[in-house]
Structures are given as C-alpha cells and as structure tokens.
Amino acid sequence: MRNFVFLLVCVAVAIVVFFAARMLHNDYIFFAGYTVLQFIVLATAWNILGGYTGYVNFGSAAFFAMGAYATVFFHKLYPQPIPVLIVIGGIVSGIVGFGMGYLTLRLRGAFFAIATLALAVVLQTFVVNWDYVGGSRGAYIIRPNENALVGPYIQYLFVLMLALVVIALVCARVIERSQLGYGFATIRDDELAAEACGVPTLRLKLIATTLSGALMGMAGAPFPYYIGYLQPSSAFGLEYAVNSIAMPMIGGTTSWVGPLIGAILLGSLQQIATVTISSAVNLLIVGLLLIAFVIVAPNGIVGLVQDTLRPRAK
Amino acid sequence: MLRKASSLGSAWGECVGLSFDLLINALIAGILLGGFYTAVTIGVSISFGILDIVNIAHPAFIILGSYIAYIININFGVDPIVISIVMLPAFYLLGAGIYQIYYEAFERRGQESLRGLSFFFGLLFVTEVTLILVFGVDYRYVEASYIGPSWRIGVMDFPLRMLVPCVAALALFVALQLFLSRTFIGRAISAVAQDQLALRLMAASPTRIKRIAFGISIATTAVAGALLIIIQPVEPSVGREYIGRVFAICVFGGLGSLPGTVIGAMLIGIVESFTATFYGPSWAPAVAFGVLLLTLAFRPAGLLGR
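Top line first, the protein sequences correspond to chains A and B. Position 2, counted from 1, in the first sequence is what numbering that gives the first Met the number 0 calls 1; the numbers after and before it change by one each time, with no gaps. Position 275, counted from 1, in the second sequence is what numbering that gives the first Met the number 0 calls 274; the numbers after and before it change by one each time, with no gaps.
It is possible that part of the hints are untrue.
[Unchecked claim] Quick list of simulated restraints, FRET-style, between CB atoms:
1. S180(B) - T307(A): 35 to 43 angstroms
2. L22(B) - T275(A): 35 to 43 angstroms
3. L268(A) - V136(B): 37 to 45 angstroms
4. S149(B) - Y139(A): 54 to 62 angstroms
5. S278(A) - Q99(B): 27 to 35 angstroms
6. V133(B) - F18(A): 44 to 52 angstroms
Read the hints as simulated data drawn from the structure, not as lab findings. We treat Cβ as the ideally placed atom computed from N, Cα and C, and that holds for glycine.
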C-alpha cells in the first residue's frame, strides 16, 4: 500500500516536472533535462546492484550501449514505437547481465568488477566490427519532428525518460523495503555469514545483476533517437561508467534517495559546466568529486545529512 | 624450401608457402607481444595477485609512464628505457603514497571492496582526463635507434621495436622473481598473501611490507609505459584497452604467480597475434575477454594458481 502511495507521488512529481519544463517555452530545457533524467535512471540502476549488494559494476556504459544498439538494430529491421524498443533494450541488457553474473558472481567480488570492465571493451569491439548497425562509422537515426500525443519529439523523449525514472525509483524503493532488499543487504554486509544462514546469495545476486542491467538497457534504448547519430565511442563513453558510479557514491548508496540526489546534483552541474567551461573539465570534476567523497564521506550526502541530524535528535 | 616447391607452378604451393611465412611470423609477433604484456601485467600480479588490491588504475599509471618517457625523450633525446629506469624511484614513491591513502581510507575500515574499487576507478579516470587536458588526444611517439629496423633470419622477421621491449620485460621479470624469492623483504611480500599474523610475529609490519610491494608494483609501470610507447604511439585513452587484458592475463596465469604471468602473457600474445593476422586487428581486443571468461568458468585458479 505504501509502495502504491510512493508510485502515485512519483507520478505526480513527474507530471509537475514536465509541465514546469513546458512553461519555460525553451527546448534546451528538455535537451538538458533528458540527460539528467537518463543519469537518474543509470545511477538508480547501478545502485540496485552496487549499493544494495556491494558488487561494483564498471560496465554501465556497455549495458547502456546495448540498449542503444538494440534500438538501432530494430530500427533498421522493422521500425517500432520507442516504448517497445525500451522493453527490447531492457530484455537484451538484462540477459547479458544475467550471463555475466552467472559466469563471474560465484567467485570473489573483484572478478565481477573486472569482467564488467572488460565487457565494455569487448562489446565495443563487436559493435565496431558489425556493419549492420553502422560499425565504426556510426548509424543515423532520423527522428520524426512531432509526436501525436505530446507535440515536439524531444518532449516526447523527455516524457518517456520521466516514465523510466518513475519505474526505476519505484523498483529501487520496493526492493529496499522487501525481503529481497534485506537479502541484498546481508550480501553487502557479510556474504559468507549470509550464505551460512541460508540466504540464497547467488540467486539474489543474479536477480540484482539482471534487474540493474535491464534498467540500464532501458535507459539506453531511446538514446539513438535523442542523439540522432550513434557512434560506438559515444555510446560506450567512459562518462556513463564513471557517472553511474560517482552519482550514487556522492549521493549515498544505501537508499533510493542517494542516487537521485547525486544524479540531479552532478547531472545539472555537468550540464552547466559543459556549457560554461568544457566537457573534459567537467569529467575531471566528476572524477575528483568521486575520489574525495569515497575517502572523506563514505556514505555520501545522505550520510552527511544523517550525521548532522542525529545529534540534534538526541 | 617451400618457396622452391611453389616453383613447380602450383598455385596451391604458393598458397601454403605464404601461409607458412605468415604463421611463423604471427607466432614470433605473438611471443614478442607476450613479452611486452609481461611487463604490463607483472605489476598487477603483485598488487592483485599477492596483495589482493584490485588496482584497476594500473593501466593509467602505464600511460603516465609513457608520457614521461615521451616528454624527456623529445626534449633531451634520452633513450626511453633509460628514462624509465631513472624514473623507478619516483614511481615507487607514488605507489607507496597511494597505498598509504588506500590503507588509511579503505583497508583499515574494511571497505576495500566497494569504495576502494571506486577510488581506483576515480584515479584511473582523473589521470586519463588530466592527460587529455594537458596533452590533447593526439598520438605521441618516441624516437630511438631501434625503432624501425628489424632482424631477418630466413623468413622470420624480428622487428627490434618489439624485440627490445620483450627482452627488457623478461629482464624485469627475472629481477622481480629473484627479488621475491631471494631477499627477506621479497619473501615477506609472499608471506603477506598467506598469513599476516605470522608475519607480525616475525616482527615485520604487514602494512609496511604491503606498502613496499605496492610501490614496486607501481614502479613497474614506469618500465611498462616506456615499452608501450616504443611499441606503439600513445594517446591518453589507450590504457583502457589494457585493463581487461592485464587482469585476464593475471587470472589466466594464476593469481600471485609471476612465472604463470609470463606464460599467460605469452599465450594471450600469441592468440591475439593469430586473431589479428587471420581475422583482422580490430578483433584482437576481444581475445583477452574470451580467455578471461573461459578461465573464470572452467579453471578460476588459472594455469599455475595455488
């Protein structure tokens, strides 16, 4: 019941955000906002695996790009509406996440992290060599100008991303408060003890990997329509990997609020820095913030806020 | 011999002769490449294999080593390998410093898995972006007398550009192997992996030993970086290709075993070279990943693993 209320609140906030953005009569808001929303989905997805179970995924870019390339593939094969493509992208990335997890999660945690790093390189190699989806030259996706329901196409993409944000946040919160979430937390705290107590750790980890991968793929699926011209180096960009780690780490990894705060803060900061300084400098800022936060504030902004509130409550 | 056979006029003979040359040269290229991969991986064998520190920023330090070799080589004309040997103490100190931060912030608090990994990922990223900001994304290269010429023995081709790094890398391996097996500190480093308490009872501080070992691991990147820029022109994001490769070699060879690392590096070098020759160079990066997944699925201990 509380989850249902949470869903309603999320939908209401999303509707308010959309109409507020529309009031500004500026398409740039939608372009910039889309990127921020996309990072909210990625950060939340990353956190379901990284924050809840403690397994680090460095291959967010790979899962994201898989969603994007699934779109390119089906766009060429037989054009379909984007919501269908989002589902397909989610299924493809989810399956890859499951396969990767099955091969590496039975071993020590570090192997999974390394394998995800390598996965990005290998998938990029495949895409570069696959002419059907454009190879190293990249692929053009011509997007329509208008959508019958929403109006300008960028607003339509924005609405879709908002919907994905709602789905991701609801997923994260439902998991957090469920038996599944407690299972994840036991893995994070002490996997050996959890195993000894009869927690089916491998199955839980596979659920987390699949779900997290699927959400990342869903975030990537509308991307070709947003960017218009998809290149392997832009889809597999390291900034997706680093941002989807940095945002939850800076926001706080233990609850769904952390990635949301981190993504909104860092995402908007980067949009501003890209316009005012340069895109290389803003990536440097993200990297430095990530290092600073993991050393100084291990529980992120949420942790800092809790620490300042707690003494007052006593 | 095979060339003579083809003089009979058979196109098939010509074909075999050619592919025999191709085969033997692909094999040589693979072995030389594998030698170089030894230098790239040996530091990870120490940090990940022995100390259990997942330093995914290792390739970033290699690129840093490449750029230092590049700056000094272009300005003063010093040989890149000589530069790397001079730079060893500086890289050692860098490594020792990073370990100190890592220890204070993560290892002591027992948070190395999630936050420690993110820390190294951040280091990797910051190093790469800083190099891009300073040097741009142009490819840089060094000049040395052995870049260009090659020795020919029969149909076999030994480009010095590959042979010199291979020999230097094997020398590095021999030196490290002797250090680890013959000196007190070297043996203490091996002991850290097995039993830290016992080490403490022997009046050796595990933290100090690990700091030294991590310093050595980073010091090897100075050499690996110089060798890399001898072999190929370097730009800041080249390091990314090596992340999967070094860990694949390290796991494939067997964690913590330096001889295993050499064998693993050679085998992966050979397979990559054959892949590049017969399927095209753009497929080579996928080899290491395939090997990594197969190793993890079938023999997680690696070739010479404990």
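(request) Could you work out which earlier hints the structure fails to respect and list their numbers in ascending sequence? (result) Going through the list in order, the structure violates hints 1, 2, 3, 4 and respects the others.
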